[in-house]
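K.L.:
Sequence:
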Amino acid sequence: MIDKDEPQRAISLRASEINALKKAIMYLKFACSDIEANIFASSPFINSALKELLDAESLGKLEVEIYEKGNEGNERYVLLKINQIEASDSKNWSDDLKKNTYEAWMYPFRLTGRHPV
Numbered sequence: 001m002i003d004k005d006e007p008q009r010a011i012s013l014r015a016s017e018i019n020a021l022k023k024a025i026m027y028l029k030f031a032c033s034d035i036e037a038n039i040f041a042s043s044p045f046i047n048s049a050l051k052e053l054l055d056a057e058s059l060g061k062l063e064v065e066i067y068e069k070g071n072e073g074n075e076r077y078v079l080l081k082i083n084q085i086e087a088s089d090s091k092n093w094s095d096d097l098k099k100n101t102y103e104a105w106m107y108p109f110r111l112t113g114r115h116p117v
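Each residue of the sequence shown is one higher than the one before, starting from 1 at the first, in our numbering.
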């Protein structure tokens, strides 16, 4: 959980730097095959940083539409990763843990509802 009382630090980034960071986070969340990176894919800190990057950039209409439309390919990828992580754990995940991890991992995409957890 994000500590809302934690002091914030201001930084200044060029639009190209914002775009590079967004792409790196999206790669981490939806394409990275490094199993050790999975811990960051649904991180509230990563999602908070991504939200700040998205808020700082004036998103084009096309980018907003992409996020609002959802992404079934990413949903399948995330569910596969969650199932792999659960299979490697010594115990089953609760439905709530799966759902919360899935929703956090899928940010900033809207969930299509076609791939229930």
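Check the hints yourself; a few may be wrong.
Unchecked claim - Ranges between beta-carbon positions, derived for each pair:
#, residue 1, residue 2, range
1, Trp93, Val64, 15 to 23 angstroms
2, Gln84, Ser58, 18 to 26 angstroms
3, Glu17, Ile85, 30 to 38 angstroms
4, Ser16, Gly113, 30 to 38 angstroms
To be verified - Restricting the straight-line Cα-Cα distance to at most 25 angstroms, the calculated cross-link-like pairs of lysine to any residue (SDA-like) are:
#, residue 1, residue 2
5, Lys98, Lys61
6, Lys23, Lys51
7, Lys22, Gly70
Keep in mind the hints are simulated off the structure, nothing from the lab. Computed from a predicted structure; not experimentally measured. The beta-carbon is built from N, C-alpha and C at its ideal position, and this holds for glycine as well.
K.L.:
Can you give the numbers of the hints that this structure goes against, from lowest to highest?
P.N.:
Failing hints, ascending: 1, 2, 5.
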